[in-house]
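Letter by letter, the chains look like this.
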Amino acid sequence: MSATSHARPSVVSQALARDRLGVPSVIMFALTAAAPLMVVGALVSSAWGWVGVTGFPLAFVIIAVVLALFSFGYVAMSRHITNAGAFYSYISQGLGRPLGVGGSLVALLAYNLLQIGLYGAFGFFASVILAEKADLTVDWWILALALWLVVAVLGLLRVDVNSKVLMVLLGAELIAVTIFDFIFLSNPAEGGVSLEPWTWGSLKDAAGPAFAVAVTAFVGFEAAPVFAEEARSKNRTVALATFLGLAVMVVSYAVTSWAAAVSIGVDATVPMAQTPEIAQAGGPFFPTLAEKGGAWAADLGLILLTTSIAAAALSYHNTTARYAFALGRERVLPAFFGRTRARSGAPAAGSVFQTLIALAVLVLFAVQGWDPMLNLFFWLGTSGGVGVLFLVFATSLSVIFYFVKDTRGEGAWARLIAPILSTVALGYIIWLVVDNFGGLLGFQPGTENAAVWAFPAAYGAVAVIGIVWALILRVTNRQDYDSIGLGARANTARADAPDYASQQS
Amino acid sequence: MLLADDFFLIAHDDRDGRSRLSQRAVELGLAGAMLGELVLEQRIVCEGDRLRIISREPPSDPLAHTNLATMIAETQHREIRTWLLFLGQTAVDAVGQRLARVGLVEQTQVRRLLRSSTRWVATDINLPAGRVVRLRRLLTGHEPMRVADTTLAGLADATGLSGHVLWDTDQSSVRRLQQAVSALPPPLRDLILQVESAVGDAVLSQRG
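Protein chains in written order, with UniProt numbering: chain Y, 1 to 505; chain F, 1 to 208.
Some hints could be false.
As the list claims (entries may be wrong) - Some chain Y residues judged to face chain F by a derived CB distance under 8 Å, without partners named: (1) S10; (2) V12; (3) D19; (4) G85; (5) D160; (6) V226; (7) F227; (8) E229; (9) R232; (10) P334; (11) A335; (12) G345; (13) P347; (14) R489.
Since the hints were made in silico from the structure, they are not lab data.
Glycine included, each C-beta is placed from N, C-alpha and C at the ideal position.
Take the sequences, apply the hints, and build the full model.
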């Protein structure tokens, strides 16, 4: 800023610079979105059977390239807007406030689905561990409710898992995954190490569903711009953190999903994943790991997997609560969502709201006896990922429109070329996903099931509700409408209206 | 009583001196109150998200004097947000020491696990409670509100303390508070809005 132009160093600038986040903290935060064991051990392991292809390594690479293209414009725009942590701020300021509100409700739904889905996987894998190690039979939903309770309390106390703790967990996961990759690749199935999972041929039968799974795996890559205003050298830090996060994710996800398929046998993976007893055990990943690497490897993997899921559940819970908080400040949601719990400063109403939704869903699944892995983890999780895909697409489009009005000193690549390329690619991926949504949920083509249209329809419905609500606000409360997309700064925009003058007269 | 002193007493537990708010919220509230003192003393005005110095005459209070002198020296920093963050860094100790000099609070060291932290505990337990009751009486409409009182109430609301002050009252007191704040002179109203949005940004960016 202007501090450099002064001969005398500014006391204020120096004091504030000390308080800003350095490059390592922002990178650490961005990296903790990666969860290789959860993605391969739970998500891909289930997806082999339900989606029915092995081409996930290629799907991860393609999605990573598209998201990296997207990130150029995304990071560029994050430098210019307030509330840079939320997709709907970008949409509000690029495509207009009605679409922004629609996007905000899509985001709330998507993050809720992602968070609640994790309870299914946690309950399932924790009950597997208890059954094998302690010979205890505990229903998945009891363990899921235990985690739910912990998340509910920590959310209100505003405990975020310390990013250093998350970094240690991630480091342990990455080391474990590397060891597992070594085990897998040195014990290939008959036929040796096959490169087939990297080819389009192994993906084309269900490319849409596989892309949806891959996008779900990358959720969290969008988090670094939260620190756009807190980072020491924000131009470099946020971009570096975002790209590094994507790189770590794509390498660990793609290589591990390839190595595991090689070890199971590329041709045998899908049939094995579809046999009932393997599907019941959460897919072929851990059984194969136990067979090829020994029980210790599978045990280590399962323990790291459950801790990783628990940490992610808390992190998504807090994300959802903060989203509701920002919307409450903007009066898109009722104002009480914009209040904090005094002692902890937690966005209390948002936290309780997410907790109650999760409880309702968990009770419903427990009472109905639905499957924790397929119905809860896989359906809700990947549907949440699809919601994020819609948001990324809309945000990508927003970047183009935002910089059309004013280039704001950004280069043509970041503000125009990369966003256009990513918008086209994301649009095509969305078409593939929606066209074969039944395939994502594990149905044969042409199957009639309410779930096939219910998830996409739910996104459409909340988007329409949001747009209508924004249009109502525009007519009834212009001040609130004008402050949409500003997050916590909504109040200052609202005050620009001549409140005081009118009361004086 | 000076604005920041009052805020300090309300924002801390009257018995053990523990903060009733998250650390960042206390800091921002106290910093806002220190700026508010300078606005009330007619040394600065807040206009939107910036402040302007209107008089360089040193205020009688040494802390306010120091704050104003820093602002005069740092001509390049006129954003209210910058000053809230800067003054907030030292606000708890600065205001705590000011209260300690007149004997209203005492400094105590609290040892918890490995870290020891400083707390400021009121020497007379009735004083903080009395300040809360006084503010509450004002907000429930029992006494006329002065500009300084409304500013204090506005800062308490912006930082999340209004639940503590208005613990069992109905919506009419909350509305009365909001109306009083929006009818404040613009320099004070803008200051309160800046504090509120800074507290909200701290929630969204996950900083203490």
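Evaluated hints:
1. S10: 6 Å, holds
2. V12: Cβ of V12 (chain Y) sits 5 Å from chain F, so the hint holds.
3. D19: 7 Å, holds
4. G85: Constraint on G85 (chain Y) satisfied, holds at 6 Å.
5. D160: Cβ of D160 (chain Y) sits 6 Å from chain F, so the hint holds.
6. V226: Nearest chain F Cβ about 6 Å off; hint holds.
7. F227: 6 Å, holds
8. E229: 7 Å, holds
9. R232: At 14 Å from the nearest chain F Cβ, R232 (chain Y) fails the 8 Å test, so the hint is violated.
10. P334: Where the cut-off is 8 Å and the nearest Cβ of chain F is about 13 Å from P334 (chain Y), the hint is violated.
11. A335: At about 10 Å, which exceeds the 8 Å cut-off, the nearest Cβ of chain F leaves the hint on A335 (chain Y) violated.
12. G345: Constraint on G345 (chain Y) satisfied, holds at 3 Å.
13. P347: 6 Å, holds
14. R489: Holds: closest Cβ of chain F sits about 4 Å from R489 (chain Y), inside 8 Å.
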